[in-house]
Every structure is written in structure tokens, then in C-alpha cells.
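Now for the letters of each chain:
Number of protein chains: 2
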Amino acid sequence: MDTQQAIKQPMTVNGLDIQMAFDTIDGIKADPSLAKFQFRARNAWVTGGTNRSMIRDFYGAGREDDSRKTAFEFTNGEPPVLLGDNEGANPVEFLLHALAGCVTTTLVLHAASRGITIRELSTELEGDLDVRGLLGLDEAVSPGYDGIRIRMKIEADCSDEALEDLMAVAQAHSPVCNTVCRPVPVRIERVAA
Amino acid sequence: MDTQQAIKQPMTVNGLDIQMAFDTIDGIKADPSLAKFQFRARNAWVTGGTNRSMIRDFYGAGREDDSRKTAFEFTNGEPPVLLGDNEGANPVEFLLHALAGCVTTTLVLHAASRGITIRELSTELEGDLDVRGLLGLDEAVSPGYDGIRIRMKIEADCSDEALEDLMAVAQAHSPVCNTVCRPVPVRIERVAA
Numbered sequence: 387m388d389t390q391q392a393i394k395q396p397m398t399v400n401g402l403d404i405q406m407a408f409d410t411i412d413g414i415k416a417d418p419s420l421a422k423f424q425f426r427a428r429n430a431w432v433t434g435g436t437n438r439s440m441i442r443d444f445y446g447a448g449r450e451d452d453s454r455k456t457a458f459e460f461t462n463g464e465p466p467v468l469l470g471d472n473e474g475a476n477p478v479e480f481l482l483h484a485l486a487g488c489v490t491t492t493l494v495l496h497a498a499s500r501g502i503t504i505r506e507l508s509t510e511l512e513g514d515l516d517v518r519g520l521l522g523l524d525e526a527v528s529p530g531y532d533g534i535r536i537r538m539k540i541e542a543d544c545s546d547e548a549l550e551d552l553m554a555v556a557q558a559h560s561p562v563c564n565t566v567c568r569p570v571p572v573r574i575e576r577v578a579a
Numbered sequence: 387m388d389t390q391q392a393i394k395q396p397m398t399v400n401g402l403d404i405q406m407a408f409d410t411i412d413g414i415k416a417d418p419s420l421a422k423f424q425f426r427a428r429n430a431w432v433t434g435g436t437n438r439s440m441i442r443d444f445y446g447a448g449r450e451d452d453s454r455k456t457a458f459e460f461t462n463g464e465p466p467v468l469l470g471d472n473e474g475a476n477p478v479e480f481l482l483h484a485l486a487g488c489v490t491t492t493l494v495l496h497a498a499s500r501g502i503t504i505r506e507l508s509t510e511l512e513g514d515l516d517v518r519g520l521l522g523l524d525e526a527v528s529p530g531y532d533g534i535r536i537r538m539k540i541e542a543d544c545s546d547e548a549l550e551d552l553m554a555v556a557q558a559h560s561p562v563c564n565t566v567c568r569p570v571p572v573r574i575e576r577v578a579a
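Going line by line, the protein sequences match chains A and B. If you want our numbering, it's the position in the first sequence, counting the first as 1, plus 386. If you want our numbering, it's the position in the second sequence, counting the first as 1, plus 386.
Keep in mind the hints are simulated off the structure, nothing from the lab. All values reported here derive from a predicted model rather than from experimental measurement. The reader is advised that the hints may include incorrect statements.
Any copy will do: because identical chains look the same in the list, a pair fits if it lies in one copy or spans two.
Claimed, not checked - Each computed DMTMM-like pair below joins lysine to aspartate or glutamate, with the alpha-carbon atoms no more than 25 Å apart:
#1 K422 x D543
#2 K422 x E512
#3 K539 x E525
#4 K422 x D443
#5 K422 x D412
#6 K415 x E450
#7 K415 x D524
Start from the sequences, fold in the hints, and give me the full structure.
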């Protein structure tokens with residue numbers, strides 16, 4: 387084996403640069419303040435149930451990130467039955483996309499740190515909600531999801547027990563899953579227009 | 387005034403067909419089962435921190451919706467500092483987009499039902515999180531957001547008191563805000579690949 391080449395080429399597991407991951411972990415262990423991130427979104431109402439977000443900057447690893455040359459842009463809309471014209475997916479659907487992606491990335495990351503190669507990973511999510519909560523027709527009905535089910539198809543080069551453990555680790559450590567499962571305070575304040 | 391025309395043209399407030407909104411509310415009051423919705427997403431891992439969701443079908447108002455001819459598609463990615471290449475916004479950023487949109491639409495809807503015209507509405511969101519939770523470096527650190535702040539600019543044809551009330555109504559009745567503020571159960575189950 388060519389040692390020179392081994393040093394130069396990043397070792398990737400599941401598409402992740404595993405050396406960079408361990409370097410990040412070592413850096414955070416030495417200075418926990420590097421673990422503090424702040425994510426942001428700017429949204430503007432268009433009309434009816436249509437509005438648009440711009441997402442670009444964030445703070446993390448001790449500095450303002452400047453890696454994105456342009457902002458990501460996403461449009462919320464509503465289907466006709468909810469008074470829209472399918473201008474975009476609706477906010478509760480975007481929440482499912484966020485949850486699916488976060489559980490997936492968290493699982494893939496923890497698998498990589500254990501040296502487990504994932505061959506295939508896909509999920510189907512379902513969330514039930516009763517729009518009487520949104521409409522304020524019954525204050526006993528919660529406006530949000532009653533619960534969300536994630537059906538996961540996963541194939542990896544490890545035992546079923548190791549996979550079950552990875553799924554539990556992903557659920558316990560996924561930032562979006564944790565934000566959904568745990569009560570997280572949201573504060574709305576008015577600023578001058 | 388031409389009565390015929392008044393009957394034919396939908397009365398819109400804030401871009402919402404207010405008659406259709408009240409008809410929906412009357413329908414749900416007569417048959418609460420019409421308020422039950424189920425939203426869905428299908429996600430597939432690509433590599434590393436990249437994965438993609440397809441969102442199309444849902445159940446609501448007593449039937450499977452068929453209004454969308456094609457699926458919405460969204461890509462989660464990660465910035466370089468989180469081992470990605472900005473393939474898309476990341477899941478915790480998509481969560482902020484969902485939250486911004488839901489609070490906005492809920493406010494606009496309740497304003498319309500009160501006959502309040504919104505002239506301008508935009509929000510800036512910030513959420514703090516500590517990636518030691520994601521990485522499992524300290525089990526005392528929650529992986530999710532510590533809290534989320536929404537700064538809202540809003541102009542409408544009503545008093546400041548009515549606006550403050552609308553903001554409180556939006557926070558209390560927004561499905562995504564409620565899903566974040568309240569503990570919502572997430573169940574992950576493995577299905578055959």
C-alpha cells in the first residue's frame with residue numbers, strides 16, 4: 387500500500403470524510419464552544435397561504451459561515467382543499483421533510499463513526515393532524531401533529547441488532563426529531579416594519 | 387352594484403377565498419371527521435448528509451387528495467463545516483422554513499376570518515443548538531433547538547392590540563409551532579427493504 391496516497395486521500399464511510407468527523411469531535415472536546423450553532427431563516431408572506439423563505443447564513447464552529455454564495459429559497463403553499471393552489475408543499479409537509487432528512491443524516495453519521503457501511507436507507511413518514519386545532523374550532527384539539535410514524539428501509543453491513551441500535555441512536559440524537567419530541571420554546575416578538 | 391357579479395366573484399381577504407373558508411368551517415362543524423388530515427413524505431438517502439424527499443399525496447377532508455400532478459422534491463444537504471458541500475439547506479434549517487411559513491399562514495387565515503387586511507408580513511427566525519447533542523458527546527445536551535425566536539414585521543388595518551392578539555392566536559394555533567412547542571411522539575419502525 388502506498389502510504390503517501392493513503393495520507394492524501396480522505397477516508398470516507400457512507401460518503402462522509404471520517405477523519406474530518408473525528409477531527410471535529412476532537413476540536414469540540416477541546417473547546418465545547420465550537421459546538422454552538424445558530425441557524426436562521428428569513429420569510430416573507432406573498433398572498434393567502436403562500437410565503438417564501440431565504441436561507442443562507444448561520445453561525446457555527448466559532449464563526450459566521452460564508453460558504454454559501456447564494457441563498458436557498460423555498461416556497462410554502464397550500465392545496466386547494468386548504469384554500470391554496472399548490473404553490474409549494476405546505477409547512478407541515480416541510481416539517482416531515484426536515485424530520486426524514488435529520489433522522490437519516492444522524493443515522494448515517496453514527497454508522498460512519500462505528501465503521502458501519504450503509505448500503506440503502508429510505509423512509510416513509512406519516513403524520514396525523516386535525517385541522518380543528520388550526521381553525522380554533524375546539525380548544526381541546528391540538529393544532530399540531532398527534533404523532534409521526536417513520537417506516538425505515540435500511541440495509542447495512544452489520545447485524546440486525548447493530549441496526550436496531552443505530553435506529554435508536556438516530557432517534558435519540560437527531561436534532562429535528564428531538565425538537566419534535568421535546569417541548570421547545572418558540573418566542574414571537576414584533577419588530578418595527 | 388351588480389349583484390350577479392358580486393355573487394360570482396369570490397370575496398377574498400388576504401388572498402384567501404373567505405366564503406370557501408367559512409364553508410369549510412361549517413362543513414367541519416357538521417362533520418368533525420372532515421378535519422382529519424394525514425400528511426406524508428418519502429425520503430431516500432443519497433450519500434453522506436444528502437437525501438431527498440418526494441411529497442405529493444395526502445389524506446384530508448374525507449378523501450385522498452389528487453390535486454397534485456407531480457411531486458414536490460426537496461434536497462437536504464450540509465455545509466462544509468458539517469461535512470457536506472451545501473447540496474441543499476440542512477434539516478434544522480428546513481424546520482425553520484416550516485415554522486416561519488406555518489405561523490405566517492395561520493396568522494393570515496385568522497386575520498381574514500376577522501376581516502383584517504394584512505398589508506405586509508415578514509419574519510426572521512433564529513434557532514440555537516449545540517451539536518454535542520447530535521454527536522452524542524454529552525448526554526446532558528439536548529440534540530435539538532434550545533429555543534427559536536421569531537422576529538415579525540407586520541402591518542395591517544387594525545389596532546396594535548388587535549395585531550398583538552393575532553400574533554398570539556397564530557402562535558397558539560399554528561400546527562408546526564404547536565408541534566415544536568409540545569412533545570409530539572415520533573415512532574421509527576423498520577420495514578423490509
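Results of checking the hints against the structure:
| no. | hint | result |
| --- | --- | --- |
| 1 | K422 x D543 | neither (33 Å within a copy, 41 Å between copies) |
| 2 | K422 x E512 | between (31 Å within a copy, 13 Å between copies) |
| 3 | K539 x E525 | neither (38 Å within a copy, 27 Å between copies) |
| 4 | K422 x D443 | within (15 Å within a copy, 37 Å between copies) |
| 5 | K422 x D412 | within (15 Å within a copy, 48 Å between copies) |
| 6 | K415 x E450 | within (20 Å within a copy, 50 Å between copies) |
| 7 | K415 x D524 | between (49 Å within a copy, 10 Å between copies) |
Going down the numbered hints, you'll see the structure goes against 1 and 3, while the others check out.
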